[in-house]
Amino acid sequence: MSINPDQTIKFSPMHRLQWEEVQQKDVILYPEGMVELNQSSAEILKMCDGTRNLAQIVSDLEQKFATTGLVNDITAFLEVALKNGWIQQN
Amino acid sequence: MAGSNKTNITPPRWLLAELTYACPLQCPYCSNPIDYAKYQSELDTEDWKRVLTQARKMGAVQLGFSGGEPLTRKDLPELVKHARDLGYYSNLITSGYGLTEEKIIQLKEAGLDHIQVSIQASSQELNDHIAGTASFQHKKRSRTSGQKARLSDGAVRGHSPGKHPPDAGNTGNG
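Same order as they appear, the protein sequences are chains A and B. Residue 33 in this note's numbering is what sits at position 48 of the first sequence, and the numbering runs on without skipping anything. If you count the second sequence from 1, you need to add 12 to reach this note's numbering.
Some clues are possibly wrong.
With beta-carbon atoms standing in for the labels, derived distance ranges [said to hold, decoys possible]:
id : chain 1 : residue 1 : chain 2 : residue 2 : range
1  : A       : Gly54     : B       : Met70     : 50 to 58 Å
2  : A       : Met(-14)  : B       : Ser53     : 47 to 55 Å
3  : B       : Asn20     : A       : Lys31     : 23 to 31 Å
4  : B       : Gln52     : A       : Lys49     : 52 to 60 Å
5  : A       : Ser(-13)  : B       : Ser53     : 52 to 60 Å
6  : A       : Ala61     : B       : Glu121    : 51 to 59 Å
Honestly, the hints are just simulated from the structure, not real lab data. Where a beta carbon is used, it is the ideal one built from N, C-alpha and C, also for glycine.
Only chain B is shown next, with the shape it has when bound in the complex (with noise of 0.2 Å):
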């Protein structure tokens, strides 16, 4: 009968961290608060940390370091570098936005696995009308920084989140 099966509920595999609200675009569709300016608490970093070994500790081992924009949090290395001592497979998921080559060694250092690349939309125009910041190059520039950076072959890669855009098909995914 429907809804009479018990449903095995096995540990949590995946760990979503949104680290903050901050975020140079502002796509229309985001689950950001409109008025995220206002929210200035965040956890700090004993908190996320002690987060991160709790939820590991329950089984979690797929890490996503999202937001809003991760890398506007100044201890993302140290986040991942804490993840990466506990086993997590951690994965940046960014919007490209002060993503450099710099960066990108530095958290690969820190034992950053992967990183996700957010696309709005194949064209500069579009992308960066959706996004509301001129964002097209910064997305484009990180996927060449992180292949220079050998994070992994592939591992800088695209995404398009949301409601994808009749042509968002092609950015680049792999």
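Bound conformation, chain A alone (with noise of 0.2 Å):
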């Protein structure tokens, strides 16, 4: 299973991603667990929200992040949220 650059993402309706103010971190929920973000893996989850591929989700963190080089940081991570069940494509 790897990320189809042609299709676009979205978030696992099965899961929830939020903010955690006590732990002042973003987490994905699932049944019984939580995983705990970083700030650069928590900006990659909220752009999959089903309207960008994974070449529309690099350039919009690069221009709003100001930067360039993310796609195979982005990639990289994109292949493990999808191993994880946290994203999706159709």
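Join the two chains, each given in its own frame, into one complex according to the hints.
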């Protein structure tokens, strides 16, 4: 299973992504479990709203943080996210 | 040196709310008091809401509604709604007894995320023997109802509490 660059990416409807005030971090919630995210991974996952494909996510994040060269890091993380079921493609 | 390291205690992640002792099952391994019928006083709705609010402020994010059988609490949908408003991820831990499709939809609309149905054994005979109540068919139906209500894919799961009988391995976890 790997990211199809042509398809849009959406966050899994079986998981919930939310900000935890006490811990000051974003987390993924699922039955009896929680993944604590660092800022980079949270920013990537927030882009997975079903309207963007991989290239659009990279481009939007590079624009948001005024940087370049994020494609490898973002792709690697999204592969992990897909494997864990945090994101889906159609 | 063993025992000399200070443990870094982080905020609590889980709150297990044992809403009631009342339960239609009589599983011998249960931590419920045997004479639970004598216990009539439970925390009322407002008290539980206050507990949920306070625990959320401490950092708890996963919430288990348990018991006893939590479905015997008439205010369960109200508590589920309060939990959802606070940002909990809510799990209902139930025997499945009384868990109709209508009830599942009501709880889902209130904001419930996940249902866990206890299964004492994978055969009806042994399950009902351990539970002391003819409950196996209720448990099976609750799974179908959960799927129909699309609570979430695989969100109605079986689990075998306490000491696992030898055949409890294949009860439909997932």
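Results for each hint:
no., hint, result
1, A/Gly54 x B/Met70: 50 to 58 Å, "violated (41 Å)"
2, A/Met(-14) x B/Ser53: 47 to 55 Å, "holds (53 Å)"
3, B/Asn20 x A/Lys31: 23 to 31 Å, "holds (29 Å)"
4, B/Gln52 x A/Lys49: 52 to 60 Å, "holds (58 Å)"
5, A/Ser(-13) x B/Ser53: 52 to 60 Å, "holds (57 Å)"
6, A/Ala61 x B/Glu121: 51 to 59 Å, "violated (39 Å)"
Comparing the model with each numbered hint stated earlier shows that hints 1, 6 do not hold.
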